[in-house]
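Undergrad: Residue numbers (the working numbering), protein chains in the order written: chain U, 1 to 510; chain Z, 1 to 612; chain E, 1 to 174; chain X, 1 to 252.
Where hints are given, some of them may not hold.
Stated by the list, open to error - A few chain Z residues facing chain E, derived, Cβ under 10 angstroms:
hint, residue
1, A269
2, F332
3, W334
4, L335
5, V341
6, L342
7, V392
8, W555
9, S559
10, V560
11, I573
Unchecked claim - With the Cβ distance kept under 10 angstroms, some of the chain U side facing chain X (calculated, not the full set):
hint, residue
12, K303
13, S313
14, I491
15, A492
16, F496
Please keep in mind that the hints were generated in silico from the structure rather than gathered at the bench. All C-beta atoms in this analysis are idealised placements derived from N, C-alpha and C, irrespective of residue type, glycine included.
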Amino acid sequence: MSGETVKKMSKSLLTILLLLSLAGLAASQPTPSEKGREIYVSRCSWCHGREGRGDGPAAEFLNPPPRDFTLGVYKWKSTPFDEITPSEDDFVRMIKGVASHDGIQGWAGMNGTSMPGWNDTLSDGEIKALTGYIKGFGQLEKAEKPSIDTSVVKPSREGVERGRGLYKDRCSECHGEDGRGNGRKRLKDDWGARTWPRDLTKGWTFRAGSSAKDIYTRVTVGIPGTQMPSFADPKSSKRLTDEQRRDVADYAASLNEAYRKPGAGDTIRAVRVEGDLPQSPDDAAWSKAAYANFYLFPQIIAKERLYKPTLDSVSVKSLYNDSNIAVLMEWDDPTRSVPGDEKAAELAEGEVFADAVAVQFPAGKELPYFGMGDERPVDIWHWRSEGGEGLPQPIRLIRAKGFKNISEADTAPSGISAKGVYEKGRWRVVFMGPLTGAGKEAGQMDNPIPAAFAAWDGSNGDRGSRHVLTGWKTITLERKTKGGYFWAVVIALFVFAAELVWLRSAGKSA
Amino acid sequence: MAFVKKAPFISVLALSALLVLISFLSGPSKAFSADTPSSPVISSQTHDAGVTAAQAAYPPAPKLKAEDYPKVKGLNPRLTVWMAAQMHLWFAAFVLAVPIFVFIFEAIGMAKKDRRYDSTAYEFMRVSMVAYSITAITGGLLLLSLIVFYPDLMKYLASIFGPTMILYALIFFAETGVLYTYYYGWHALDRGARKWAHLFLGFLLNLSGTALMFIANAWVTFMMTPAGVDIRGAFDGNVWHAVHNHLWSPMNLHRFIANIAYGGSIVGAYAAYKFLSSNTDEDRAHYDWMGYAANFVAIGALLPLPFAGYWLTAEIYAYSQQMGINLMGGVFAWLFIVQAVLIGALFLAANYYLWCGLSRSEGGRRYTKYIKYIAFALTVSFLVWFTPHTLVLKPSEAQALGGQYHPYLGPLGLMPAKNTAVNIMLLFTYLSFLLYRRSNRIAISSWAIYGKATQAAIFVSAIANIVYLGVYYGYFTNTVYKVASSVPQVVTTLFVIVSCSLIEAAIYRRSEEAGPYRWGRMPERSQYALFLIAVTFTWLMGLMGFVRSAIRQHWHVYSVMRDASPDAFTPTIGYAARVVSVGTIIFMAIVIFIFWVSNLSGRRPHGGGRAG
Amino acid sequence: MSNFLKVAAFSLFIIGVYTFFADRLIPPIAPQAPPPLTEVAARPMTADGLARLGEEVFKGKGACTLCHNPVGGRAPLLDGIIIKANERIKGPGYRGGAKDAAEYIRESMVNPSAYVVPGFGVAGTHDTKSPMPDVRGSEIGLSEVEIDAVIAYFQRSAGVEVTVGSPAAGPEGK
Amino acid sequence: MKIPKPLQFIIVVLVVYGLLKAPGLLLGKPIPQSVIFMYMLFVVIAVLLVMTATDESTEELFAPVRALVEDPSKRLIRNVVFIILPLTAGYIAYGFTKTGGGQAGLRSVHPAPPLEMRAYGKAFDLSTLVNPLRRLEKEDPAEFKRNVEEGGAVYFRNCFFCHGDKLDGIGHYAHALTPPPLPFKGRDTIAQLSESYLFWRIVKGGVGLPQEAGPAESSMPAWEEDLREDEVWKVITFLYDYTGNRPRPLGR
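If we strip away everything but chain U, and leave its shape as in the complex, we get (with noise of 0.2 angstroms):
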């Protein structure tokens, strides 16, 4: 054998060995699905179930609901309407999570819902594998059509205005008059879940983004497995041009209504007025004020605990004057709930209690737990809204040690009022009361003040402890001008004379 025919054979046995190992090496590895299974139990499963049947432990406690992935229908999609696969980039951000578009303060999954955003903690190809195990439930292939183009949406403001009556005929009826959710029908999705039309001014809360481009691909694909249809389906009686949609799109995210966003800030501040404090929400000495937004989370502290609340965010406004303190409360509300009335019956989950809303103060010097407090007690002003239109509306005053201690004051002496406004989709409630708080003594009411809201929503079945809240938040009073100046002055002057003291001492020691 000569050396040359050697060298070869001992190369291509060397080649072998290595394509032997590397072999050994991939059958060691998971394969894609494999990965993807142990993901998705140890990290799906909780929700969406162990056979994607959108039925794990927490699924029952979950509004809307886990999808269940043995259908292959997912609402959030960009692939025409008559597609039903989602596209591979649809998969990747429904699980990555959304951060690209304006959405829930530190949040960065899909917004409104209980899906979090894993970009920190799936890797791509992770996620690849984990579509491909989910896709497997539905028997899901791979798209063929491909998503719609938004490239062609190009906000203008003739196209808001185009967009206006368009909304009025095709999208008022689900979504009210001004896009509060406030529609005048009663939805459900394809699996029996009761579903709330989005109130287009919280572009906040979109699930899938709230930008004319996204609201486009929503006008055009539809919510599959609701009552959302696409516009773009020719077999439809509402269907929309290319144009046209592009015009609605337009018009819906004009209606977003930023300034009512929540922020990170607590605090209230109360702008202080001469004279008569207003009665109404509609009177113009509120806009002094400026909104302080504060998102609601659910009571699911103790028992009965509410799961799927309908409100999600409260604004706030507060005036005052030498005596007394204002707070209006504004929220968007689906329904104005009425017991007895038959149309609220209709859009009502179950029986129909009043909508209601309360701020809490604490009753002495020390915060007590924003529960309805503790030992140390707290004030509650409390409004419900059965009274009907142009009847007087009831207003309760609460003292509370704790939720299972509750006794109600009579009101006429604490000086405290309230009138409320149901308007399209969103209550206005002022509440008025003395500074010194109801049925505390005088100057208990610190600066700041702090304190609690509430809200109820009777349709969705809220009454008691079910409903919706905040933690201690703070009202500032904003000092009278005059006062301010007053200290500036005096320390000014204070300063300024012991300079003089300084120059005349440097001048004797010089």
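Got chain U; can you put chains Z, E and X on it based on the hints?
TA: Leaving out everything else, chains Z, E and X in the frame of chain U:
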């Protein structure tokens, strides 16, 4: 003037009379004869194997109700007793400490034949004479307030400690006699063998003073760690058992050392004030030297204090886990952050005083450039030392951190970091002192350079070792809380101090003067460091007195006699701080008064003061 | 005088800083209020009631489970104590004065050092001194009734007759 | 070139301040304002002490201040400074009175646990309490795994609304809560705690916190009302298992 001379005598009489009165009034058999039948639970015991004949003679501690506490309109019982006790303790600490170093100074003066020491000693003594009478007055006030507001407690304590109270009164008389002879005989017993007799009187004075403190300590420590009584508080008849309780010895030691440090700081403040108001160079030199010496005593006594404190704490733990945890980990954990700040301030002030002292000698200029490095090390250590374990966060900060642990500050809050910091602070304070000692001399030994290199090597390796121990044991061993590093760290520090001092002595055995210490050439601002030390010491004593007393919680005598008064609750640290501050201000005002009065009673005889 | 004022202002400033620090810069912690004075339990009418009270005392007021638990190893376990007690008082190492299990338990509660289970004594005392406090002491403060109740609880758990107390004698104490 | 003392002073103080602020600005892990305040106070004092240790440097440090009032040629600057100073003081005072302070409450997030806790009709000594399921980890891994899974179910039916799907403290209601729910993920969270500490926090909830930790604001329920003892232990086991953390061993 007559008042100044008679006041001690009058107050001593009053105090002794009170003591004797209550110890007789509350003889065991008499005082409780009426109470005995009213404790049915105890008397119905039939199964108790431990009941002895002695116990039958002594009734258990009374079980009190809120109604058993007399009320005096306009006076808060606890606050009144607290204030009186605090005042008494401050003055007592002062008058116990001053004779100790008066004695030491007199002895040094005799040995060195340096009249400067003797005249300083005499001046201290004069200050302490007026303080002595105030001590007796505040003692009387304390006793009175206790009898008025807590009669049952006092009866109970007297039933056990009656004999020691009589002894206390007797020694008190004896001490007063010795004090008068010692002070007024100073100039008469000034020469030769007479001076020895005078020195012996000084010894007797200290002996009786310390004995008094030990006796009073027994009463206090009994309330914390009762001994010689059974679980119901019935006395076993042996006074020694009650006196020699768990905390007695460590408390004696701790208070003894602390008194010296405290006395030093007060005299330092006195000297500082006199320095500031001196008109002549001679006076200035004298008081500068006095301030330096007093500060030296104060800081010297401060250094071993933590070890005495450790012993005290260990005994508290040994007696009751609950009390120990309460002290270190519970409500009072934050109090030790305050303590850390105060002790840090003491260290900074002491160092600053030494740095300023470099300007006394021309040779000191060589070392001023090192000040910033020492200060840097001290400050970093100090910041580590008071980094709280439990961080106080604003909501937005908590949101940003997203967790309860701070990634960078968390490790600094643990014990190993603090131990490391303290040892480094000690080492650098020692370094400041070393530099100061060197400032007026130049070593001329041929091997001095090697000696200094050795010192530097010891220093650097010691710091490396301390940091390594702290970091390794603190963060790389499994048990986060383990304080295994503290002992080798302290040993390292002590080794550095001892070895470097020895080398230093050897190096400077042959040296020439770089420039003499010019006493009095000290900037005025340095004197404020002495004031800060005195004020801080006073405040710190008040605060630590509060915590010592407060860990008993709702007990008069821990686990034996319950405090059923409305004041049984433990106040907050903030409240205690305010009380201590008011007390400090009152105390300072009285001290100023004392200095003023003692100045009236005679000008300082000029015995020395020349630089030497 | 100006020196005096300067020094006084300086001292007051220092005190002020310390006060501000202690009062404002550290969190205001209100220490726990003293526990309420406990009333002496009334003697239950029946043996069952006594045993129930005993269980409450054992797990609650008596704080027995702080040490008598399976994890700390600080004190012997008390399951089957009636049987163990009967063996111990007949054992050669027993120095106490109890004649039966009930007396043994009482002795262990009021005079724990009378007999120390080997291995559970205070370190260095060769099992002659028990770390357990007398349960009548103020820290725990059990009354006679409560001690009886604990014994009754053990007896009831072991299924033997409750021999302590005289339930028929009616309520005792205040 | 030698930097003048007053400038040195300002530079040193600013540099230290910058260093203390850096973790917050650059890494998003701020050093708490309360700590910075204390640190800066002592740093300023220490720098002052160093710079006044000798007469020369004291002189140099205060020279500009002295010159300002004594040097006639600096009259213009002096007048400007003397006008600006009172105005600044006045402005700060105005700012304080305008908002009325409004300082958010300080809160310590890692309070010391009590010695003993009463729940489920029993007393628990927190210094000796161990997770009864922990021994199964070695003795019966399959049984342990089953318990962990049950703990997971407890978590996802009760806790995850606030503490999050990923155990990162970001549940879908977390954004509405102040203080925010605590995370379990990461090496600096529950790995620093013993299981008895978690048991205390879960069983007693927000209202069981000591005063310094703000029990009035925490929305953590006291779970002794709704969860059984074994469920609490199971969920604790799950928390460690899911995050890959180990509990800190007991002991001081």
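Undergrad: Go through the hint on L335/Z and say holds or violated, using the shortest Cβ distance to chain E against 10 angstroms.
TA: 8 angstroms, holds
Undergrad: Can you verify the interface hint for W555/Z: is its Cβ closer than 10 angstroms to any Cβ in chain E?
TA: 8 angstroms, holds
Undergrad: Hint check: is the beta carbon of S559/Z less than 10 angstroms from a beta carbon of chain E?
TA: Status holds, d = 5 angstroms.
Undergrad: Holds or violated: is there a CB of chain E closer than 10 angstroms to the CB of V392/Z?
TA: 5 angstroms, holds
Undergrad: Are K303/U and chain X close enough, Cβ to Cβ, to be under 10 angstroms, as the hint says?
TA: Cβ of K303/U sits 7 angstroms from chain X, so the hint holds.
Undergrad: Holds or violated: S313/U as interface residue toward chain X, Cβ cutoff 10 angstroms?
TA: 9 angstroms, holds
Undergrad: W334/Z was flagged as interface toward chain E. Is the shortest Cβ-Cβ separation under 10 angstroms?
TA: 5 angstroms, holds
Undergrad: Tell me if the interface restraint on V341/Z is satisfied: Cβ within less than 10 angstroms of some Cβ in chain E.
TA: 6 angstroms, holds
Undergrad: Should the hint that V560/Z touches chain E count as held when the rule is a Cβ pair under 10 angstroms?
TA: With a closest approach of 6 angstroms, the V560/Z hint holds.
Undergrad: Please check whether A492/U passes as an interface residue: C-beta within 10 angstroms of a C-beta belonging to chain X.
TA: 3 angstroms, holds
Undergrad: The hint names F496/U as touching chain X; please verify it with the least Cβ-Cβ distance against 10 angstroms.
TA: With Cβ-Cβ at 4 angstroms, under 10 angstroms, it holds.
Undergrad: Taking the closest Cβ pair, is A269/Z under 10 angstroms from chain E?
TA: 8 angstroms, holds
This entry satisfies every hint, going by the numbered hints stated previously.
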